[in-house]
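These protein sequences, in sequence, are chains G and R.
Going by the numbering used here, 313 is the number at position 313 of the first sequence; the sequence numbering is gapless.
Going by the numbering used here, 341 is the number at position 341 of the second sequence; the sequence numbering is gapless.
One or more of the hints may lead you astray.
[Claimed, not checked] FRET-style restraints, in silico, Cβ to Cβ:
(1) G:Ile389 <-> R:Pro119: 25 to 35 Å
(2) G:Gly228 <-> R:Lys330: 38 to 48 Å
(3) G:Ile298 <-> R:Ile100: 51 to 61 Å
(4) G:Ala406 <-> R:Pro108: 20 to 30 Å
(5) R:Asp341 <-> G:Ala401: 21 to 31 Å
(6) G:Ala418 <-> R:Pro119: 58 to 68 Å
(7) R:Arg339 <-> G:Ile10: 42 to 52 Å
(8) R:Gly114 <-> G:Asp387: 33 to 43 Å
(9) R:Gly351 <-> G:Val372: 31 to 41 Å
Hints in this document: simulated from the structure, not taken from any laboratory.
Heads up, the beta-carbon is just placed ideally off N, CA and C, and yes, glycines get one too.
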Amino acid sequence: MLFPTTDFAIFFAIVFALSWLLNGNRTAWKWFMLAASFVFYAWWDPGLAWLLALVSTLAWLSARWVDRADEDRIRRTRTIVSVVALLLPLAWFKYYGFFALNLTNAFESMGLHPPLPLLQVLLPIGISFYTFMAISYVVDVSRYEILPSRFLDVSVYLAFFPHLIAGPIVRSQELIPQIRHRRDPGRIDVARASFLIVGGLFKKIVISSFLATQMVDPVFAAPNAHGGLEVLVAIYAYAIVIYADFSAYSDIAIGAALLLGFDFPANFDRPYTAISLRDFWRRWHMTLSRWLRDYLYIPLGGSRHGQVRTAMNIMITMLLGGLWHGAGWTFVAWGAFHGIGQVIGRWRHRRAQARGIVQRTSGWIVARKQLVTFNLVCLGWVFFRADSIRDAFDILGRLGASGSTALVTPLVVLTIAAMLGVQYLPRDPAARLREAFGRRGPVLQGAVLAIGLFVITTLGAQGVTPFIYFRF
Amino acid sequence: MKTLDRLQVRDETRPRRAVALERDAERPREGPEPRKTSAVGVLVTIVVCLLLWTLLASPILERSAEAGPIGARRTAALTLLRPLVTISDALFLSRATGTIERVLGRDPNEQPGGTLTLPAFDLPDAPDGGPGRTSTAGGEDLSNGGEGEGQAQDVSSPPTTETIRTPSQTNKLRVAVIGDSLSQGLGPEIVRWMNPSVVRVLSLGRQSTGLSRMDYFNWQAGMREIVEQFRPDLVFVMLGSNDSQAQISPSGRAIPVGTWEWVHGYKDRAEQLVREATRAGTRVVWVGLPIVKERQRWGFYRSINEIYRETATSDPNSTYVDTWSTFSDKDGGYSAFIRNDHGQLLEVRAGDGVHFTPAGYGMLAKLALRGADQAFGMPQRAVTFHV
Numbered sequence: 001m002l003f004p005t006t007d008f009a010i011f012f013a014i015v016f017a018l019s020w021l022l023n024g025n026r027t028a029w030k031w032f033m034l035a036a037s038f039v040f041y042a043w044w045d046p047g048l049a050w051l052l053a054l055v056s057t058l059a060w061l062s063a064r065w066v067d068r069a070d071e072d073r074i075r076r077t078r079t080i081v082s083v084v085a086l087l088l089p090l091a092w093f094k095y096y097g098f099f100a101l102n103l104t105n106a107f108e109s110m111g112l113h114p115p116l117p118l119l120q121v122l123l124p125i126g127i128s129f130y131t132f133m134a135i136s137y138v139v140d141v142s143r144y145e146i147l148p149s150r151f152l153d154v155s156v157y158l159a160f161f162p163h164l165i166a167g168p169i170v171r172s173q174e175l176i177p178q179i180r181h182r183r184d185p186g187r188i189d190v191a192r193a194s195f196l197i198v199g200g201l202f203k204k205i206v207i208s209s210f211l212a213t214q215m216v217d218p219v220f221a222a223p224n225a226h227g228g229l230e231v232l233v234a235i236y237a238y239a240i241v242i243y244a245d246f247s248a249y250s251d252i253a254i255g256a257a258l259l260l261g262f263d264f265p266a267n268f269d270r271p272y273t274a275i276s277l278r279d280f281w282r283r284w285h286m287t288l289s290r291w292l293r294d295y296l297y298i299p300l301g302g303s304r305h306g307q308v309r310t311a312m313n314i315m316i317t318m319l320l321g322g323l324w325h326g327a328g329w330t331f332v333a334w335g336a337f338h339g340i341g342q343v344i345g346r347w348r349h350r351r352a353q354a355r356g357i358v359q360r361t362s363g364w365i366v367a368r369k370q371l372v373t374f375n376l377v378c379l380g381w382v383f384f385r386a387d388s389i390r391d392a393f394d395i396l397g398r399l400g401a402s403g404s405t406a407l408v409t410p411l412v413v414l415t416i417a418a419m420l421g422v423q424y425l426p427r428d429p430a431a432r433l434r435e436a437f438g439r440r441g442p443v444l445q446g447a448v449l450a451i452g453l454f455v456i457t458t459l460g461a462q463g464v465t466p467f468i469y470f471r472f
Numbered sequence: 001m002k003t004l005d006r007l008q009v010r011d012e013t014r015p016r017r018a019v020a021l022e023r024d025a026e027r028p029r030e031g032p033e034p035r036k037t038s039a040v041g042v043l044v045t046i047v048v049c050l051l052l053w054t055l056l057a058s059p060i061l062e063r064s065a066e067a068g069p070i071g072a073r074r075t076a077a078l079t080l081l082r083p084l085v086t087i088s089d090a091l092f093l094s095r096a097t098g099t100i101e102r103v104l105g106r107d108p109n110e111q112p113g114g115t116l117t118l119p120a121f122d123l124p125d126a127p128d129g130g131p132g133r134t135s136t137a138g139g140e141d142l143s144n145g146g147e148g149e150g151q152a153q154d155v156s157s158p159p160t161t162e163t164i165r166t167p168s169q170t171n172k173l174r175v176a177v178i179g180d181s182l183s184q185g186l187g188p189e190i191v192r193w194m195n196p197s198v199v200r201v202l203s204l205g206r207q208s209t210g211l212s213r214m215d216y217f218n219w220q221a222g223m224r225e226i227v228e229q230f231r232p233d234l235v236f237v238m239l240g241s242n243d244s245q246a247q248i249s250p251s252g253r254a255i256p257v258g259t260w261e262w263v264h265g266y267k268d269r270a271e272q273l274v275r276e277a278t279r280a281g282t283r284v285v286w287v288g289l290p291i292v293k294e295r296q297r298w299g300f301y302r303s304i305n306e307i308y309r310e311t312a313t314s315d316p317n318s319t320y321v322d323t324w325s326t327f328s329d330k331d332g333g334y335s336a337f338i339r340n341d342h343g344q345l346l347e348v349r350a351g352d353g354v355h356f357t358p359a360g361y362g363m364l365a366k367l368a369l370r371g372a373d374q375a376f377g378m379p380q381r382a383v384t385f386h387v
């Protein structure tokens with residue numbers, strides 16, 4: 001079920017009422033929420049709901065099995081076996097086709113018979129997200145950070161519909177206690193939730209759709225037909241499209257969870273104000289960044305074993321992070337680009353420290369760093385968006401070309417500038433507006449929201465395209 | 001800091017080295033505590049919001065529902081929405097929202113599928129006031145004798161002596177690509193395989209369109225608009241993947257799919273679409289539907305492909321390009337993987353079994369261009385690939 005649809009609006013209104021009605025009886029609430037979440041998931045493809053049930057069962061059993069071992073070595077072995085078992089469905093559904101195709105071509109080029117059959121395996125939506133959450137639960141149990149939970153708690157934790165399809169990747173320690181305990185029906189932050197949901201819908205339906213259809217899609221589909229200026233603006237536009245699209249999903253997910261009494265971690269913090277690639281990853285898809293840090297980078301050794309090992313660990317983390325987004329060489333290149341960027345940034349920082357150079361933080365210095373970082377991030381997005389590595393270089397190669405500028409309309413430029421500018425604004429005015437909204441009565445709040453939704457409906461493109469991160 | 005007892009320890013006899021504890025999920029936020037509302041209050045907000053939004057947007061929602069496939073969902077939606085539109089009219093809300101729609105740049109009376117708007121193009125007038133056609137053999141033949149990826153399998157139009165004119169930088173060849181979502185993928189790849197310095201391609205495909213539902217989007221009117229404004233030399237048409245549904249007659253009557261009346265009406269619409277272009281001297285390349293994963297669709301797709309073939313081959317200025325066999329495996333079945341010119345396997349079909357991957361659209365575009373070349377003689381300088 002897509003968030004920006006009438007189907008979801010009706011679904012949510014019913015779930016909201018019943019969720020609060022059953023709030024006092026946690027067992028009934030959990031069964032209800034599990035059923036609702038499976039309905040939400042099965043709306044796409046009822047045939048794949050079993051996979052969610054399988055991963056939930058596997059996570060529950062694995063955590064119990066790991067927790068029965070008191071000896072460190074056995075515990076670690078069981079954790080590794082469990083993580084591998086949890087990764088198997090993801091490996092099959094997400095990477096088998098890519099792996100088999102590349103292997104077949106490699107074998108055939110050497111005149112050998114390919115060892116694997118070619119199959120087009122359909123990727124079940126959300127699998128990357130709930131697999132990572134399942135791994136985090138088992139590893140947290142293994143690390144004594146949380147005790148094994150009941151089957152129903154684990155199932156609701158993984159299937160809870162606001163985060164199910166595209167995150168945020170909520171850790172078990174954050175969500176399971178909230179699932180267990182009665183939510184307070186008198187303390188809903190309706191203003192924050194409303195702003196997140198309506199703002200998210202605006203970003204997705206109006207901003208992202210407009211820039212994608214008017215600028216990004218035509219240019220990335222056929223860069224040879226576009227001049228350098230159009231290509232440059234399309235690259236910047238894509239930076240806005242992917243931010244507006246993905247942060248919109250996170251905002252709506254966080255807002256919907258808030259209305260149900262749940263607090264999700266933030267997923268974005270004004271990412272295009274970052275002053276380095278490292279800083280960017282602290283602001284972009286923050287729940288994935290911390291997952292990669294806690295369950296990959298630190299277990300690999302983090303920065304504890306010298307410069308070379310640290311650089312290797314960063315590269316491994318970013319390469320696998322890139323590959324998590326999709327089975328394709330473009331995602332590997334994107335991950336490698338960010339990995340190399342972070343290694344160089346770290347090396348420059350350490351060199352400056354060794355020479356006793358004090359990092360200056362004047363406005364101009366920060367602005368220059370922000371400008372450089374934003375452009376580096378945009379360069380990375382070219383690989384992320386392109387259909388192949390060759391296409392990415394074709395697009396970059398067109399930057400100096402002359403040609404049409406017809407797509408670069410004032411509205412396109414204004415939209416990009418506004419979406420970037422908003423990230424530099426102080427938070428206070430928005431907070432004051434939210435506070436003012438929160439003081440109004442429910443009827444007036446409903447009327448204001450209805451008008452906001454009407455404007456979005458009118459401005460928005462017809463038909464809603466799936467969120468970009470659904471593919472991951 | 002929470003304590004372990006909140007974690008509902010069921011077996012406290014076992015040793016535990018203990019224990020990081022759950023993060024405080026309800027930690028206080030920085031700044032002043034936001035004003036909180038009760039669940040009942042929020043429910044009132046949600047209900048008021050949804051009701052008022054439905055009332056305000058009822059004309060838009062009604063148009064959208066009307067565009068849906070004939071069936072129970074459409075009937076239910078329209079049954080629900082029509083009284084709301086009446087209320088909206090009575091309260092003058094429709095007029096107010098219509099004004100807002102106009103201010104926001106949308107025509108409240110347009111077709112549900114929207115109207116065709118041609119992007120800006122800066123081209124000089126075509127010679128003789130119409131699409132350029134010369135009888136000189138300006139184009140080099142692109143056909144390669146039947147080998148390799150993208151080879152047109154079946155180009156059924158009668159041979160014509162007139163080739164597509166040789167374009168120049170000052171008088172570019174004008175090409176348009178129209179149709180449904182398949183053409184939206186085909187269009188950019190046609191752009192990619194044509195030489196932008198001498199060819200201007202407009203990719204004008206529209207999602208969810210076809211010939212069945214002219215009440216949703218009217219491609220005949222669209223073609224007329226394209227011919228009048230852009231005066232293309234060549235138009236690629238690829239549609240039909242959404243057409244397995246009842247037609248709506250101009251009087252609003254539903255004509256069920258599979259009936260003689262449906263077939264007759266569909267053929268009329270296809271012929272009219274081709275005629276709109278060819279009577280102005282534009283060449284039409286009708287790209288047939290490819291084989292799809294779902295076998296139940298094969299019969300319908302083959303039958304409308306036959307209509308397209310008959311229509312396209314009945315006019316010397318149009319041609320039909322078969323894609324079914326190119327994208328079939330050696331046993332005539334569906335395959336998501338096809339070899340390219342270099343013998344390398346590519347994943348060419350999207351997961352839905354209907355659309356293509358970018359690599360697949362690239363092959364489809366080559367196939368369509370070779371079809372155009374075989375029928376009309378495409379100048380070599382107009383394309384960027386060699387056969």
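Hints, verified against the model:
no.	hint	verdict
1	G:Ile389 <-> R:Pro119: 25 to 35 Å	29 Å, holds
2	G:Gly228 <-> R:Lys330: 38 to 48 Å	45 Å, holds
3	G:Ile298 <-> R:Ile100: 51 to 61 Å	53 Å, holds
4	G:Ala406 <-> R:Pro108: 20 to 30 Å	28 Å, holds
5	R:Asp341 <-> G:Ala401: 21 to 31 Å	26 Å, holds
6	G:Ala418 <-> R:Pro119: 58 to 68 Å	23 Å, violated
7	R:Arg339 <-> G:Ile10: 42 to 52 Å	48 Å, holds
8	R:Gly114 <-> G:Asp387: 33 to 43 Å	27 Å, violated
9	R:Gly351 <-> G:Val372: 31 to 41 Å	38 Å, holds
Of the numbered hints stated above, those contradicted by the structure are hints 6, 8, listed in ascending order.
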